[in-house]
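Enquirer: Here are the chains, one letter per residue:
Number of protein chains: 2
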Amino acid sequence: MDTHLHDLMEFLRIPSISAQSSHAKEMTRCAQWLVTKLKVAGLDASLHNTGGFPVVIGKSHNLQASQPTVLIYGHYDVQPPEPFEEWLSPPFEPEIREGRIYARGATDNKGQILAHILGVQETIQREGIAGLPCNVIFLIEGEEEIGSPSLHRFLEVHRSELKPDIIVISDTGMVKHGVPTLTYALRGVAALEFVVHGPSHDLHSGVYGGAVVNPLTVAARLVASLHDSSWRVAIPGFYDAVRDLEKWECDIKSIISDADIIEQTDAPALDGEAGYNVIERIGARPTAEVNGMGGGYQGEGTKTVLPKQAFVKLTFRLVPNQDPTQILELAETHLRAQCPKGVRLEIHQGHSGPAYFFDPQSTYGKAAQIALKKAFHQEPILCREGGSIPILQSLKSVLEADSLLLALASPDCRAHSPNENFPLENFQMGIRLNQILLKEIANLRFRGDIPPEDIAQVSHIC
Amino acid sequence: MDTHLHDLMEFLRIPSISAQSSHAKEMTRCAQWLVTKLKVAGLDASLHNTGGFPVVIGKSHNLQASQPTVLIYGHYDVQPPEPFEEWLSPPFEPEIREGRIYARGATDNKGQILAHILGVQETIQREGIAGLPCNVIFLIEGEEEIGSPSLHRFLEVHRSELKPDIIVISDTGMVKHGVPTLTYALRGVAALEFVVHGPSHDLHSGVYGGAVVNPLTVAARLVASLHDSSWRVAIPGFYDAVRDLEKWECDIKSIISDADIIEQTDAPALDGEAGYNVIERIGARPTAEVNGMGGGYQGEGTKTVLPKQAFVKLTFRLVPNQDPTQILELAETHLRAQCPKGVRLEIHQGHSGPAYFFDPQSTYGKAAQIALKKAFHQEPILCREGGSIPILQSLKSVLEADSLLLALASPDCRAHSPNENFPLENFQMGIRLNQILLKEIANLRFRGDIPPEDIAQVSHIC
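Taken in order, these protein sequences are the chains called C and E.
Read the first sequence against my numbering and you will find it ends at 1931, with the numbers running on by one and no gaps.
Read the second sequence against my numbering and you will find it ends at 1931, with the numbers running on by one and no gaps.
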């Protein structure tokens, strides 16, 4: 474990911040470090330049047609560490405190992807390359935190060399510390921004108020029109494609309570779409959220203007079967229908990606459940997550393979925040999980199925 | 005129922004500039410290008991100039273009109050202090744009030295460029700001959206709840004290059409409270306006946050008989009743002042009409204005005198907006009006009344 920790610390010391151009050299250094590490682990490794930051590929030698091919995706770039003053130890000087390693990238995603590399390394060191039960391909990019602009094209170019049977990603969160979690669904996202234009300049709200329609009032009315009084999205057709949960998903014995969410967020109370609990509202129901809005005077004190315009930034989180393009069209139609006279409405449809769903009762899903149970000695939780991982769609469409989302992150890992950390036990568990998982996936090929007693009880949605 | 313009430019170069605490020194510098200017004009002048920004007093020497005393009120503070990028010339570097001087405060109120000072200066320079037909007291404050928090107390302390027969104020607008206007009614104002608090920090809108109530959505819903679909204010009790117009006010042969307002504002179309025309909506009906609102991510592109809070700045414009304190209470009660669970609503009631009404057919009203007719060689228009001068109420209650509101501002002066400007001809007209008005007021004392043929036709409300 000492040498593994040494590896992790080296990896974490490189400030591979993709969003800050001043760190471009460190990005390349980090990619080169990974190439070396993958070679030490016993794999073929190569660095591939893209239009952006390099992609690193690691492959087991001489892929065997008789074995399933597992592509393990991760990323070596990290979020900016600011604000520095809130870190108890410097973000790129990893420090171990109370069983956790603190550094930017500790969880997201260096600790998690390194656990998989070290899992493969342990297998090869113990049993030789022939001991690897699957063909393994590591695909580690450097642009995940900036929206993976080069990845789709890279996948298209390298489709034939990368084609896997199944993809493994550890970049999601456990529902609770120490609880093995298989995320089988993520919400999609569709962005829309609108601007309400009124007069050509800010007006005196006394001199003109009452006769000239206030764009900020209209913007607020349009936002208010997005939901009914029971917090159901009021855009006609919004729910048309939304399916009810499957029966096995509805049997919820939630291990996440309202109190957990309140503790995480400090919200005064929770509320949301009537008829659903907090877990369904996050994982299984689509939403319309205002991410930003502004207009008029936002400074200190009072300024009695009738503002010339107001803007609203919206994103919709989507569930399986909702078509992001159609949702944006429905939203635009709704907003235009709701807009009163006296203003001009400008709408910009933004980026979007569909929801992701992978049947956890599929063959590979069952293998993942078994591996999680064996690695953690505990029933895994099957989980729908509320966030989005847009590259899943590229992986699916270009490589034609599904992704198993196996969380190694704790809910309190502070990814993207100061004092990001990774419990050392999760690191160790990840190394073990990798070895068990590859065996289980290989077993599937031979057995074609799995005995029922090995299948974890599916009883939770979260 | 050259020296008058020089004075005006000096006055306008001082960024006396009362709302921004960083400009406190400039406020004092501006008050000192006025003291010097009033002394040069031939008056006694003094600067009076208050709890806030100084009040400047200028007085003709040895007030004569035989003469009426006219108090001329104005203010040297200006609105914040933001947004800077929309100014064609910098707000505090006055520039003359096509017969207008452009600067923050050009119209509101530096240009207008300076015209009165220069009117008195011309009389004294021409005829000596004995040539002034009235006792003149200038009262120029530095807190008008922030609700005059120190003025009422100042008036109480200095009541005996300030007691006038009539008050003159040029801080209103002409109905059309070049049309003499006597404003006999102003709307009151009542300000309220609220903050909707949700989680303790901005959340990931995917991870928590749907389960945690979005404060920005709530803020929008609360704003939307202020009006019904016909733009009538939906706060229960809001219209209880609102009276219908008097018969003479209803005889509207409007010289202001929808087209005029559209030309002034460039609004795509006009709309407002159902059942009233544009003139009534501005002058005779109360309103609820959002002056500013903000929350979440307001930068470029998308950031998928569920913001921790959102704020809204509101002002209500009030008509005669509405009690501002009661209106704020009704608004607070309404907002609290409309606020859904899941957030905490923080409400700050701000400054307020009732509407003002002064009978234009009173003796002093008639003198004002005559002076306007003589100065402009045109019938004056009698007008209700939509703006507010809250201190009128203090002036009335403490000094027990009415105010004549004689407009020197053009409708397209852009007060409170970028590119505020003042036509130089209005500046000159103001200097002239001051001299004629003081004579007409003095004449009243001797005549006791005014021959009917001198009274302008009262036929318009605007």
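If you are wondering where the hints come from, they were derived from the structure by calculation, not from laboratory data.
Note that the structure is predicted; figures quoted are calculated from it, not measured.
Check the hints yourself; a few may be wrong.
A pair counts as met if it fits within one copy or between any two copies, since identical chains are not told apart.
[As the list claims (entries may be wrong)] Taking lysine to any residue pairs in the SDA-like style, the calculated list, with each CA pair at most 20 Å apart, reads:
hint, residue 1, residue 2
1, LYS1508, MET1478
2, LYS1843, GLU1662
3, LYS1810, ALA1693
4, LYS1842, TYR1766
5, LYS1772, LEU1797
6, LYS1772, PRO1549
7, LYS1810, ASN1746
8, LYS1810, GLY1744
9, LYS1865, ALA1493
10, LYS1772, ASP1881
11, LYS1645, ASN1746
12, LYS1842, GLN1830
13, LYS1716, ASN1790
14, LYS1508, ASP1735
15, LYS1645, SER1863
16, LYS1908, SER1490
17, LYS1494, GLU1769
18, LYS1772, GLU1614
19, LYS1716, ASN1746
20, LYS1865, PRO1559
Enquirer: All the hints need checking, so say for each whether the structure fits it.
Expert: Hint check:
no., hint, in the structure
1, LYS1508 <-> MET1478, "within (18 Å within a copy, 75 Å between copies)"
2, LYS1843 <-> GLU1662, "neither (45 Å within a copy, 55 Å between copies)"
3, LYS1810 <-> ALA1693, "both (17 Å within a copy, 15 Å between copies)"
4, LYS1842 <-> TYR1766, "neither (54 Å within a copy, 39 Å between copies)"
5, LYS1772 <-> LEU1797, "between (35 Å within a copy, 18 Å between copies)"
6, LYS1772 <-> PRO1549, "between (29 Å within a copy, 8 Å between copies)"
7, LYS1810 <-> ASN1746, "between (39 Å within a copy, 16 Å between copies)"
8, LYS1810 <-> GLY1744, "between (35 Å within a copy, 16 Å between copies)"
9, LYS1865 <-> ALA1493, "neither (29 Å within a copy, 62 Å between copies)"
10, LYS1772 <-> ASP1881, "between (39 Å within a copy, 19 Å between copies)"
11, LYS1645 <-> ASN1746, "within (18 Å within a copy, 60 Å between copies)"
12, LYS1842 <-> GLN1830, "within (15 Å within a copy, 90 Å between copies)"
13, LYS1716 <-> ASN1790, "within (17 Å within a copy, 63 Å between copies)"
14, LYS1508 <-> ASP1735, "neither (43 Å within a copy, 61 Å between copies)"
15, LYS1645 <-> SER1863, "neither (29 Å within a copy, 62 Å between copies)"
16, LYS1908 <-> SER1490, "neither (41 Å within a copy, 68 Å between copies)"
17, LYS1494 <-> GLU1769, "between (35 Å within a copy, 18 Å between copies)"
18, LYS1772 <-> GLU1614, "between (36 Å within a copy, 8 Å between copies)"
19, LYS1716 <-> ASN1746, "within (16 Å within a copy, 60 Å between copies)"
20, LYS1865 <-> PRO1559, "neither (38 Å within a copy, 55 Å between copies)"
Of the hints listed earlier, those the structure fails to meet are numbers 2, 4, 9, 14, 15, 16 and 20, in rising order.
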